[in-house]
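With the hints as a guide, bring both chains together as one complex.
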Amino acid sequence: AQSVAQPEDQVNVAEGNPLTVKCTYSVSGNPYLFWYVQYPNRGLQFLLKYITGDNLVKGSYGFEAEFNKSQTSFHLKKPSALVSDSALYFCAVSASSGGSYIPTFGRGTSLIVHP
Amino acid sequence: KAGVTQTPRYLIKTRGQQVTLSCSPISGHRSVSWYQQTPGQGLQFLFEYFSETQRNKGNFPGRFSGRQFSNSRSEMNVSTLELGDSALYLCASSMGTEITYEQYFGPGTRLTVT
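Here the protein sequences come in this chain order: A and B. The numbering of the first sequence is this note's numbering, which starts it at 162 and goes up by one. The numbering of the second sequence is this note's numbering, which starts it at 321 and goes up by one.
In isolation and in its complexed conformation, chain B is listed as follows (with noise of 0.2 Å):
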């Protein structure tokens, strides 16, 4: 099976611009989160959908917001990018919601914002 896939790899904005992330699950899985990576912060958790819809949500402002599609593929949004908002931010896809399944990670975006 292919991995969780994340687009763009790279990305360079602007502070004020927003930004849109993809992430495609691997096959089958239909629970998707994202997780916001950072030196000083480490990995923290942004939110998870299942069959389209939000499930569970980390302590994030609402400029952070995301959706899931029917065919499980996930986008994430930024809007108004603050300098603190560079990251990388990575996918994750799971069999389901229950809390005992493992997830499975994407490579991540890069995030830069000047």
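If we strip away everything but chain A, and leave its shape as in the complex, we get (with noise of 0.2 Å):
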């Protein structure tokens, strides 16, 4: 069975620093995975994705990831954060099983970013 951990229920960071936000995956043959933001009341918001080639990942609202498949993580990145990247983060993979995939999600990180 495929699974997803995001470590940290909650990050803190200060406005202007870099932030990280942890994910590590376990999954039976090549995994798909994502990031996606989901604002108070309202849905997920696709960050980026990893499926193949470059591990350094570069998505929305200047997010990065970098795939390690050797420490099975996928942790997002972002060089300097801002007080509007405050949400709910959550780190998904997909890998195919018998032709058919189901998504898992991890559970959320919830980042705050202080003035």
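Treat each hint with caution, since some may be false.
[Unchecked claim] Partial chain A-side listing against chain B, Cβ under 10 Å, derived:
1. Asn202
2. Arg203
3. Leu208
4. Ala248
5. Ser255
6. Thr265
7. Gly269
[Stated by the list, open to error] Here's a subset of chain A near chain B, in silico, CB distances under 8 Å, partners left out:
8. Leu205
9. Tyr222
10. Phe251
11. Ile263
12. Arg268
[Claimed, not checked] Here are the simulated distance ranges between beta carbons:
13. B/Arg335 with A/Thr181: 38 to 46 Å
14. A/Asn191 with B/Lys377: 20 to 28 Å
15. B/Glu372 with A/Asn191: 27 to 35 Å
16. B/Glu372 with A/Ser221: 28 to 36 Å
17. B/Glu418 with A/Ser164: 17 to 25 Å
18. A/Arg203 with B/Ile419: 23 to 31 Å
19. A/Ser231 with B/Arg383: 39 to 47 Å
20. A/Ser189 with B/Gly404: 27 to 35 Å
21. A/Ser221 with B/Ile419: 16 to 24 Å
I should point out that these hints are in silico values taken from the structure, not numbers from a laboratory. Quick reminder that beta carbons are idealized off the backbone N, C-alpha and C, glycines included.
Shown next, in the form of structure tokens:
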């Protein structure tokens, strides 16, 4: 069975500082990894994905993520945090199993950026 | 393009009743997935429909069902509601059913069961 872990329920960072939101995964076969962000009372918005190729993936709003196969990680990063980045972040993994797939989401990490 | 729309946005039902939620995907998107989001369990996959056929199914009881129409609009039905069904139900659409496609989520329907 596949799984995703977001080890931190909450991450606090000062505006202007770099931020990292951690994600590790476990799948059989090739992983397809996604990051989504959820603002209060809104649905999830797609940020970026890793399918294959370059391990460093760039996405929306200045976010990027690094795929590390040996550590089975896909951490989300941003060089300089903004107060408006404060939201709930979800990591997700999909892997094909018998011709079908079920996407699995992490529990979410609340990012709080302080002015 | 208009985003994914879900109706109604809020719903209050009583235990034992049934409920139907509706989702209209982004124009051109043929895959629609449903998720249940709760503080305790997080985001859990219910099922996915593509071209009116259920393609993938999560680990939920048979009280949860869905369907997709020829225009890709989808409905989700929950029968014999239980208190534990109180949750935010999210619909997501994507271009296709390929594993690599990202999903676009609607704002959700907040269901409260009393």
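Consistency of the hints with the structure:
The interface hint given for A/Asn202 holds, since its Cβ lies 7 Å from the closest Cβ of chain B, which is under the 10 Å cut-off. Among the interface hints, the one on A/Arg203 holds; its C-beta lies about 6 Å from the nearest C-beta in chain B, closer than the 10 Å criterion. Contact between A/Leu208 and chain B, as hinted, is supported at the beta carbon level, the nearest pair being about 9 Å apart and thus within 10 Å. The interface hint given for A/Ala248 is violated, since its Cβ lies 13 Å from the closest Cβ of chain B, which is over the 10 Å cut-off.
Hint on A/Ser255 holds. Least Cβ distance to chain B is approximately 5 Å, under the 10 Å limit. Hint on A/Thr265 holds. Least Cβ distance to chain B is approximately 7 Å, under the 10 Å limit. With a cut of 10 Å, the hint placing A/Gly269 at the interface with chain B holds, because the nearest CB-to-CB distance is about 6 Å. The beta carbon of A/Leu205 comes within 4 Å of a beta carbon in chain B, closer than 8 Å, and the hint placing it at the interface holds.
A distance limit of 8 Å between C-beta atoms decides the matter here; for A/Tyr222 the minimum to chain B is near 15 Å, and the interface restraint is violated. Because the beta carbon of A/Phe251 sits about 6 Å from the nearest beta carbon in chain B, less than 8 Å, this interface hint is met. Interface restraint check for A/Ile263: the shortest CB-CB distance to chain B comes to about 5 Å, inside 8 Å, so the restraint holds. The criterion of a C-beta within 8 Å of any C-beta in chain B is met by A/Arg268, whose closest approach is roughly 4 Å, and the hint holds.
A beta carbon spacing of about 43 Å between B/Arg335 and A/Thr181 agrees with the range 38 to 46 Å that was offered as a hint. Taking 20 to 28 Å as the suggested C-beta distance range, the pair A/Asn191 and B/Lys377 conforms, at roughly 22 Å. B/Glu372 and A/Asn191 have their C-beta atoms about 29 Å apart, which keeps the hinted 27 to 35 Å range intact. The hinted window of 28 to 36 Å between B/Glu372 and A/Ser221 holds, with their beta carbons roughly 32 Å apart.
Checked against the given bound of 17 to 25 Å, the beta carbons of B/Glu418 and A/Ser164, roughly 22 Å apart, stay inside it. Taking 23 to 31 Å as the suggested C-beta distance range, the pair A/Arg203 and B/Ile419 conforms, at roughly 25 Å. Between A/Ser231 and B/Arg383 the beta carbon distance is about 43 Å. The supplied range of 39 to 47 Å therefore holds. The hinted range of 27 to 35 Å is satisfied by A/Ser189 and B/Gly404, whose Cβ atoms lie roughly 30 Å apart.
The beta-carbon spacing between A/Ser221 and B/Ile419, approximately 21 Å, falls within the hinted interval of 16 to 24 Å.
Going through the hint list in order, the structure does not satisfy hints 4 and 9.
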